[in-house]
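Student: What follows is the residue order along each chain.
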Amino acid sequence: MTRVMIVLSVALALGGHAVSLAQARPDFSGTWRLNVGKSGPNVAGNTPNIPFPSQIVVKQTPTDISVESTSVRQQPIAAVYKLDGSKVTVQTPAGITETGEAKLDGANLLINSRRSFSSPAGDVVVEFKEVWSLTGNVLTIQKTRTQSGDSSTEKAVYDKL
Amino acid sequence: MRITLAFAAVSLGIVLTAATVDAHHSFSATYDGNKPITLRGTIVKLGWQNPHAHIYVDVKNADGKVVTWEVESAGPATLMKQGLRKEDFVGAEVIIKGFLAKDGTPTVNASSFTLVEAKKEFVNDDKTP
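Protein chains in written order, with the working numbering: chain A, 35 to 195; chain B, 70 to 198.
By construction, these hints were calculated from the structure, which means they are not laboratory data.
Since this is a predicted model, take the numbers as computed values, not measurements.
For every residue, glycine included, the Cβ atom is placed at its ideal position computed from N, Cα and C.
One or more of the hints may lead you astray.
Derived list of chain A stretches under chain B, where covered just means 3 residues or more per stretch with a C-beta under 8 Å from a C-beta of chain B [unchecked claim]:
1) 83-96
2) 105-114
3) 122-133
4) 171-177
So here's chain A without its partners, still in its complex pose (with noise of 0.2 Å):
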């Protein structure tokens, strides 16, 4: 009866770390279309005060997130980011260099990110930082833009497709 016990408790055990376990990693996976109803009045439109994609295609493994954005007639950019938190360079259009890190804290993936690229004003350096949180189906992005020492942060929600 003991021994029956004992091997029920670690079971409970063992089945309870692996639901906290899946609770601390969500998985970001799928093809997120923005939904501006419900997205801050300033994500999109003529003049976003920070720019969001349209459309997020993310793939994601035990180690890796893969994240591909795009906007309506703007260049696609896309980065495979390590969620060790390591630096990795992000795919941009030509004449935009960026580097960024992600990794997954408890139930969001924060990815911080810095852009620089050449304008008639000189060098710009922009850095973003995203938080990204799952409700079902739904994902929200708070980002945040620092340029010139000035920040700003705006909301977005996405709808899985």
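We have chain A; now place chain B onto it with these hints.
Tutor: What follows is chain B alone, placed relative to chain A:
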């Protein structure tokens, strides 16, 4: 004679329509959504016309060279709704947040601009895609 006049009127209409369409182009055709930029400078000229106001701003580069930027903003009606008047621009120092033109010229589409002395921020809420 009537046919010639009618042809001339239609031609003029086509030219005017084309000019209007050209003036009200889409954001994504002209500006690079992947290149957000922040500029600080002094307003030197104002184009207060529909469908977009155009602000000309002198911006000093890191090397000290001054470049005049053309800033496309919301139309006068949108700006006036936010309490802005044409006179507010004259000689004002301004911080522009927007997106760089795709053609590499010193042209930007403003998502917002702040009049530094007045400490007032104006948002381009023309969200036509």
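Student: Would you mind marking each hint as holding or not holding in the structure?
Tutor: Here is what the structure says about each hint:
1. For the stretch 83-96 of chain A, the assignment as covered by chain B holds, since 3 residues bring a beta-carbon within under 8 Å of that chain's beta-carbons and 3 suffice.
2. Counting residues of the stretch 105-114 of chain A whose CB lies closer than 8 Å to any CB of chain B gives 6, so the stated coverage by that chain holds, three being the minimum.
3. Remark: the stretch 122-133 of chain A is confirmed as covered by chain B, as 3 of its residues place a Cβ nearer than 8 Å to a Cβ of that chain, reaching the required three.
4. Look at the stretch 171-177 of chain A against chain B: 0 of its residues bring a Cβ nearer than 8 Å to a Cβ of that chain, fewer than three, so the hint is violated.
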